[in-house]
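Asker: The listed protein sequences derive, respectively, from chains Z and C. The first sequence begins at 4 in our numbering and counts up by one. The second sequence begins at 3 in our numbering and counts up by one.
Quick caveat, the hints were computed from the structure, so don't treat them as lab data. There could be a bad hint or two in this list.
[Stated by the list, open to error] Calculated Cβ distances over 10 angstroms to all of chain C for the following chain Z residues:
id, residue
1, T6
2, P7
3, T27
4, R45
5, G193
6, D340
7, A471
[What the hints assert, rightly or not] No farther apart than 30 angstroms at their CA atoms in a straight line, the calculated lysine-lysine pairs in the BS3-like style are these:
id, chain 1, residue 1, chain 2, residue 2
8, Z, K78, Z, K157
9, C, K147, Z, K198
10, C, K113, Z, K194
Here a beta-carbon is modelled for each residue, glycine too, at the ideal position from N, C-alpha and C.
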Amino acid sequence: MNTPLRRVGVTMLVMLLLLLVNATYVQFIKAEDYRTDPHNARVLLDEYSRQRGKIIAASNGQVLAGIEPTDDKYKFLRTYPGGAMYAPVTGFYSIRYGAGGMERAQDEVLNGSDPRLFVRRLSDMVTGRDPRGGNVALTINPAVQKAAYEGMTKKGYTGALVALDPKTGEILAMVSTPSYDPSALASHDGKEQEKAWTEFDADEKKPMLNRAISETYPPGSTFKIVTTAAALEDGMKPDSEVTTAANVKLPGTNADLENFGGATCQGNTLKDALAYSCNTAFAEIAGGLGKDKLTETAEKFGIGQTDLTVPMRVAPSGLGDLAGKPQLYQSGIGQRDVRLTPLQVALLSAGVANGGTVMKPQLIKSLLAQDLSEMEKFSPEELTDDPAMSASNAGVLKDMMLASEANTKGGGKNDALKIASKTGTAEHGSDPKATPPHAWYTAFAPADDPKIALAVIVESGGDRGLAATGGTVAAEIGRSAIAAALGGG
Amino acid sequence: MGQPNSDPAGQYVTNPPRDLPTRRGTELAMLGFASFIVTAAFMLVEANQEQELSFAILWYGLAYMAILTVAHLAVRKWAPYADPLILPCVALLNGLGLVMIYRIDLARAEKALQAGREFSANAPKQVMWTVIALALFLAVLIIIKDHRTLTRYAYTFGLVGIIALALPALLPSSLSEVNGAKVWLKLGIFSIQPGEFAKILLMIFFASFLVSKRDLFMAAGKRVLGIELPRARDLGPILIAAVACLGILVFEKDLGTSLLFFGVVLMMLYVATERIIWVVVGLSLFAVGALIAFQLFTHVKTRVANWLDPFADPTGDGFQIVQALFGLGTGGIGGTGLGAGRPEMVPESSTDFITAAIGEELGFIGLCAILMVYLILAMRGMRSALAVRDTFGKLLGGGLSFAIVMQLFVIVGGVTKLIPMTGITTPFLSYGGSSLLANYILVALLLRISDAARRPQTSAKPRPQQQAPLAEAHTVMVERPK
């Protein structure tokens, strides 16, 4: 009986050998495939347990998205000291819901998988430290962000504010209200995350929508900057004569286009038309310029670009249908199908402020390695191939906007700031006359050496309802942001 | 031997009685080694989970050591010549299983805490089961002083084994079904898998039966196609038993146990008859049976489909096996480290899939080491079977040893996608009372057989002195009675 027993012994050896060979295949040859398979939740969990890099404001080093060690299995908790104020800038980072905003756009740097961080990771491996992520330094100016956010939330406005340095395109403030606190989404408590997400998601005011770059609105009279620029480039002068009529018929239709409040315009020059925001004048100017000239100038301001990122994707702005005169008339005053993001409106002012050249907006100042050494620095770039207008025309338009500011009502006026601006009161909705308009304000300052250009939108009249205008509702917020930028340094 | 010496009795004493070393000291040292590894493993888990060294591991450690001490003393007393490596192998496997169960408990507790669910830890229960298993281990060592006495009750064991196996199938699902497998007996607060015990009872029956009919199998019978078949009435009981087992197991949807039984029966048949043709016939029958089962049962089809391509449905049917592969792959060669992986992501990681958890945290190296410990355990058992003098002991010892490897092959092969996955426990490692109890009984029997194998022969029964023929007898001086 011993011979078969010995053979069974050999069989047992063979069976074990098979298991070992197969284990080798699974844990050695196929290991990498299994480890990195997208269905393998360990990959994700590992990433969430890594020390993620910070998002900071480059100007003063203020932490916008930080990291805190914890005792639980994820090891590190994402913190947002600025909470809702900076949510449109930072985005969110959630174990259950992934990442959004800057957290998503710069995920590779923040989680440490960016190839440029490799050398650093190698030394981490040798020293046995857990790999860490790199840091992202933003162009945000906390003082401006704070002034803008407080201005928007003080009265519970729904809307957005974008401010940038017109010479470099660096975004100084990006506010969207109502906002949300990303800390709740970063919680390690699954229930808390879920509760927060459901709450934000169900909120009909869409707190997680970044209105500054992801939403487009009819720009209203702020669009007259484009129309004016096109007109100046076409040879018009500030003192060229324009209509003062209270209303004009849209060519070929029975519909009227009228001025705000149905009044006749004060002054009959182009300069006056902009200063007093005369609709009939600009409708006729747009009609006279024609589709091509208007579109061309708009494009030079960046309108129509579909691939703009800051590095979050910016919703494309567009002019819509300009096929005929009626469309041109209405589009010339920023109505009908014209849709701009608040960022794009800010770029209109920025273009004028920068002598006609629109700089590409950017939110990242530099990318930093784990030890805060600089990995990549962003330098100013022009947004479009050609300037929106000549420097001299930009100077002319600046003077016109200074005059416009002088005629604009609203709080926060301060002569020392030397603001050039344009307001807008944009009708929208299916029954525009009964729907509170969007209040716009776009400006730059100081006029002779611009350091900040911005756009403010307060959706649906803010607290003034149908009576709202850009000047009464939006201007005050814009002025306080400018004051914060120039006063605070 | 050399020249016949002057001692007439000398020619019969070819192996003069000498004090064979019992090697109990070796066993103690190896047990110490095993407990060192297990204690270190417990500490690693705690360190990697970043917890303060808790009283829990102190209590687990002490309980584990106490069990080892009692087992060792019992072997010293009741099986002093037993193989010194069998118990340390079992102790190491049991201990590492306990570490892994405790480690998965920590993860489960945290998950439960996050979800606000109730959580019941498995590790304390496993310790309790080990204590009960130890009691059974002692009982077997004490009651069965000679494994040959088991042959007297072979038919009884066979009958009880079949009934135990059949019971869950006959009982209503409410008393016998857990997670779709109808293999349980729910007795109030705790439940057992009678199949685990039937495994041993039936092996005893088969061993005894095959030994008693061995000559018939080898000689009597007709030749069909060159194969000498035993007479049907001799083969009958074993066929009935085998078919009944397989039928019941198919009915209970317990493919793993079915496969295990099949393998063990085939192996014992081969060893008893010394004819490879039984293996050939058996495997052919298995192939046919497998084909039929594949056609008839959807759950068999699902298992095969999941084996061929688990990634076809990674979140549904293939989920378990895919998660196990992810765990093994993530562990890679060196593993993530004890307590530093995420073994709780694999479903049933404390029971069926515990080797996936080990492969993840201890890596390929750790998994191989564990497999090697099993191999040593089974090989020491096989060695005892080879050395033991009675055929029943050989067959039973061989069967028990093979059963360990067969079970390991079925479950680890399933977890690592070598063969289709069939639910079965990993001996000593997996969480589970029945499995632990049954396997401790199995080890007690192996120790008993190895004790018999290494026990000095002459001490058992003095051989009757053969009388020399009268004519050649020496003249013997007899003292005159006074």
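Asker: It remains to establish, for every hint, whether it holds in the given structure.
Answerer: Verification of the hints:
The claim that T6 of chain Z lies off the interface is violated: its Cβ sits roughly 7 angstroms from the closest Cβ of chain C, which falls inside the 10 angstroms cut-off. Consistency note on P7 of chain Z: stated as away from chain C, yet its beta-carbon is not over 10 angstroms from all of that chain's, at 4 angstroms minimum. Annotated as non-interface, T27 of chain Z brings its C-beta within 10 angstroms of a C-beta of chain C; the closest such distance is 7 angstroms. Listed as outside the interface, R45 of chain Z is inconsistent with that label: its C-beta sits roughly 5 angstroms from the nearest C-beta of chain C, within the 10 angstroms cut-off.
With a least beta-carbon separation of about 5 angstroms from chain C, G193 of chain Z fails to lie farther than 10 angstroms from that chain, contradicting its non-interface assignment. Under the 10 angstroms C-beta cut-off, the non-interface status given to D340 of chain Z relative to chain C holds; the minimum distance is some 44 angstroms. The non-interface label for A471 of chain Z is consistent with chain C: the shortest C-beta to C-beta separation is roughly 47 angstroms, beyond 10 angstroms. With a CA separation close to 37 angstroms, the supplied pair K78 of chain Z and K157 of chain Z exceeds the 30 angstroms bound.
At most 30 angstroms may separate the alpha-carbon atoms for a hinted pair to count; K147 of chain C and K198 of chain Z exceed this at roughly 66 angstroms. Between K113 of chain C and K194 of chain Z the alpha-carbon distance is near 12 angstroms, which keeps this suggested pair within the 30 angstroms criterion.
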